[in-house]
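Visitor: One letter stands for each residue in the lines below.
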Amino acid sequence: MAVMVLYYVITALFTVILVRNFIKTRDVQKGILYLTVLMPFVLRLFRLK
Amino acid sequence: MYIHAGIVLGVIVLVFALARFLKLSTELAMLGAALAGLIVHGLVVPSRELVGAFAWFEVPRHIVDGAFTYFDVVLIFLTATLFMNLLKDAGGVAYIVRGIVRRFHRHRALALLFLTVVMLIPGALTGSGTVTVLVVGALVGTVLAYMGVSEVRVTAIVFMCAAMSAAAPPINLWAMMAAAGSNMPYVGFFLPLGVLSVLGALFSMFYLGWKGTPIDLEQIMTELPKPPRGMRWWKVVVPFVVLFGLIAAGRVWPWAMPVLGLPLMFMIAAAIVVLTNLGQLRLIKVISDTVEQLLPLVGVMVVVGILVQVMALSGARGLISLGIVTMPLVAIFATLFIILPVSEGLIQYAVAPLIGVPLILLFNMKGFNPIIALAGMAAMWPIGDMLPPTSVVGRATVMILGFKGRYYSGFAKTCLVPAAFVLLLGSLFVVFSSRLGFLVGG
Amino acid sequence: MRLNKEWTIKGIAMAVTGTILVLAGIAFAQHRNFKEEVVLGPGVTTVRTLGDYFAPLKGGPNDANVFILGSGEPGGTMLVLGASHPEEPATSLTAHLLVENATVEQGKLIVVIHSNPSASTVTRPGDAYPRFFHIETDWGVKRFRMGDRWANPLDSWPDPETYVHFPSGQLLAYMDVRNLNRTWPGRANGSLAEQTCYAFMRLIEAEGVDLVIDLHEAELEYPIIGTIVAHQNGLRIAAMASMTLTAEEFRIGMEISPLALHGLSHREIGDHSNAPAFLAETPQPFLDRVRGITDESLLLTGKDEFVMKAGEHGLLYWPIDEDGWPIDVRVGRHCSTILSIAGFWTMFNRSKPLVVTGVPRYADVVAEGVGRFFADPRGARAQVVLE
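Those sequence lines, one after another, are chains U, X and Y.
For what it's worth, the numbering used here labels the leading residue of the first sequence as 95, then goes sequentially.
For what it's worth, the numbering used here labels the leading residue of the second sequence as 5, then goes sequentially.
For what it's worth, the numbering used here labels the leading residue of the third sequence as 5, then goes sequentially.
Looking at chain U on its own, in the form it has when it is part of the complex:
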C-alpha cells in the first residue's frame, strides 16, 4: 500500500513537470504532444483508469 502511494507521488511529479514544460514550450507541436502524454497521467492520478 505504501509503495502504491509512492507510485502516485512519482506520477504526480511527472504530471507537474509535464504541465510545466507544456506551459514553457514555444513549440505548439511539442505542446500538443505534452497534452497527449499527460492524458494517462491525469486519469491515473484521479484513479479513473
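FYI, nobody ran anything at the bench for these hints, they're computed from the structure.
The structure displayed is predicted, hence computed values, not measured ones.
Note that CB positions come from ideal geometry on N, CA and C, so glycine has one too.
Please note that the accuracy of each hint is not assured.
[As the list claims (entries may be wrong)] Pairwise CB distance ranges, derived in the manner of DEER restraints:
#1 Glu109/Y / Glu53/X: 32 to 42 angstroms
#2 Pro50/X / Glu109/Y: 40 to 50 angstroms
#3 Met95/U / Val256/X: 54 to 64 angstroms
#4 Phe254/Y / Met95/U: 19 to 29 angstroms
[Said to hold, decoys possible] Calculated from the model, a selection of chain X residues having no Cβ within reach of chain U, i.e. all distances over 12 angstroms:
#5 Trp60
#6 Phe118
#7 Leu247
#8 Ala260
#9 Leu340
#10 Val435
Please arrange chains X and Y on chain U, whose structure you already have, making use of the hints.
Guide: Chains X and Y only, in chain U's frame:
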C-alpha cells in the same frame, strides 16, 4: 470486413503521409492518423449483428484506453532516464570515462572494450538508444576522436553501440511490447538479447575503431569535461549497487521483499545520486530536461498505444496480422533483414505490436522458439533507428557529435558493415531459434 | 502576436484534451462502478464473501460474492469459478446461470461469478474491448461488464520487475502477478491476485470442497482450447466426461495438467488441497489477434472472417466456420461440462454424491438462448445481490 479494415488502414496511411508532408512531427502525424482512422471507422462501420449504430460516446474512451497501453513502460523510461541524467549532471559519467582513459590509454583493445560497456549501460537500463547517445555519446565520441578514429567512424560507432544498447537486456522495449501483446512472459530474454547486443556492439566498436593512433593522455584529459571536486568513485558505484541490489533482492527473496517495481527502484537510485551530491545538482532542471528530452519517445509510445487501439477496434490490426501470418515462411525469413529496420524507421515502436506479435504467434505455431526468435528480431529493429522518416537515434547521434559530413553517403554508409553483421546475426537467431533454445535461461 | 497565436492553439488543444479526459473519465467510472444484478435462484442457501474466509479481503476490491447452494443432504462439495479471466464472458455467464437456476439435491455447490472482481472493472488498453455486453432475455435486456485478464492496476500497483511464483519460484511475466490463473495457491501477504487465491484455498479448506472447476475461454490460435485440463487426481473423471460429452453432445478434449507449469488452478489447487481441479476451455474468437472489428457483436456471435481465413491457412487449433462460436454455444458447453463432471464425480465417489438439477444442458442453452435462463431482477419475489 476486408473492405472496411482496408479503408481504415488506407486512411491511417494517407493521413500519416499527408501530415508528414505538412511538416508535422512523426508523433503528431501518427496521432492524427489514429484519430482520423477512429472517426472513419465510426462513419463507415458496416452493420453488425446484435449491436446498433457506432457509439460515438466511446470515442474519447478509446483514445485514452489506447494512451494507457504502455503506461508502465513509459514510467520505467522516465525514471531510468532521470537516474542516468542525474548521474551525468553530478559528473559521474565524465568521472567513469576519464577513469577508463587514464587506466587503459596504453591498451587500445581494453579501452575499446570498456568504452563499449559504457555505451551499453544507459540503453540497457532504459531501453532507449537516444538516452545512450544523450548521456554518454559525446564523451565516448571525444575519447574515440583522440584515439585517432575518423569523425564519420566515430559517429557510426556511437550510433551502432547506442542501437545495441537499446537491444541489450534487461530492458528491450520491442521485446517487452511484443511479448506483452502475445501473452508471453518477458522472461528468458536476458541471455539471447545479451549475446546479440554485446556481439553487435563489440563488432561495431572494433571493426570501426581498431585502426587509429595512440591516445595522447595529457591532451585528452584537458579536453574531457572534469567532474566536480567532490566526485569519488563510490558516488558512482553506490547508486548502481543499490539498483542492481534491489533487482537481485526481488529475485533472491521474492516473498520477503515488498514489490517495488522498476520505476521505484530507479527513483531510489536517483535519490541516492541526489543525496550523495547534495547542493550540486540542478534537480528541477534535470527532471524538466529529462521529460523534454524524452518527449518524442514517450510521446511515440502513448501515440502508438492509441493507434494500436484504433487498429484493433477497426480490424486494421487483424488485417495486417493476417497478411503477415499467411505469408510463406521462407519469404518472411528472406526479407526480415529489410522489413524490420524499414518498418522501425517508419513507425518506431509500433512495429512490436503490429508486426512482432503476429510473427511471434506464427513462429510459435511452426515450432520455432518464440523467445529466441523475438530476441533476434528485437536486435534487428534498432538498426532502423537511423532510417527515414523518423531516424530518431541517427539524428540524435549526428546532432550530439556535431557531425558535419553527409548523412547517407557518409554516416549511414559507414554503418553498413556492422549493421549487416547485426542483421545477419539476428536473422540466424530467428531461423535457428529452435536450436538455440539453450540460451533461454535468465 | 506570435505569442497569441501560440496560446490560441495551445488553448484549443487544452480544451480538446480536457473534453476527451472528462468524457473518457465518465466512461471509465461508469464501467468500474457498474453492478450486475444477480437474482438468487431456488437453490441458493447462503451468500457469503471471500473476506469471510480471509479477513484482509473484506470490503476490498476482490471481496467476491460466494454463492452457496446447499441441499441439506450429505454429499460432495463442488466449487465452480467464473471469470478467473473476466475477458472470457461465457464463464461468468455460466456461473451466473448456475446461481439463478441450479438446485442441489445431494451435496453442495459453491459458485463464484467473478473470481477476480477487480479484473472485471477494467478493459485491456490497446485492445479496444467494449465496456459492456448485453443479453436479450424474456423480460428485457440484461447488461454485463466486460473485463480484462489482469486485476485493475488501480487495485494492484506496481507490478514486480519479474513475478516469482509462490511457492515454486518459477519466473513469470511481471503483469501475471495480477492474473488469477497464475497466482495459485496464493500468498497471505502477496499481491491482490495472490491474496485472492489464498482466500479461495481457505474457502476450499473451510467448506470441505471436493472438486473445483475453473471456467475459461481461449483464442483459436492457442493450443489449449476446447478441452478439459485436469489435475492427475481427477484424470478418470475428466476422461469420462470428455468421452461422453464428445459422444453425446459436442467435441471436447482432455489434457493432463503439466507438472512443471506453476500458478495455474488445475496444477496448484490439486497439489495444495485434496480437491482435484479441472479447467474447462471453450473457443472465443474475440480473443484472437487476427480478429477483425472488435466489438460486442464479435464477443457475442464469435463470427469473424479474418479468424476463418487464418483457419484456412491451418493456423488455428480449433475449427471455425460462418456460424462462429456464439455465446449460447459457449455457455452451453460449460453447463454440460460442469454437469458431466459432477455426474462422474458421483459415479466414482458413491459415498459423496453430488446431484445438481435445474441447470440446462448444451442443447437447451443453444435452443433457447442463455438469456432465457436469467430472471427479472424487478420480479415480484426477486432477491437481488449486486455483483
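Visitor: Compare the structure with each hint and give your call.
Guide: Okay, the hints, checked on the actual structure:
1. Glu109/Y / Glu53/X: 32 to 42 angstroms: Holds, since Glu109/Y and Glu53/X (Cβ atoms, about 39 angstroms apart) stay within the stated range.
2. Pro50/X / Glu109/Y: 40 to 50 angstroms: holds (49 angstroms)
3. Met95/U / Val256/X: 54 to 64 angstroms: Once the Cβ atoms are compared, 24 angstroms apart, the range 54 to 64 angstroms for Val256/X and Met95/U is violated.
4. Phe254/Y / Met95/U: 19 to 29 angstroms: violated (46 angstroms)
5. Trp60: Holds, since 19 angstroms exceeds 12 angstroms.
6. Phe118: Phe118/X is indeed farther than 12 angstroms from all Cβ atoms of chain U, at 33 angstroms.
7. Leu247: holds (16 angstroms)
8. Ala260: Given a closest Cβ separation of 14 angstroms, the condition holds.
9. Leu340: holds (31 angstroms)
10. Val435: holds (38 angstroms)
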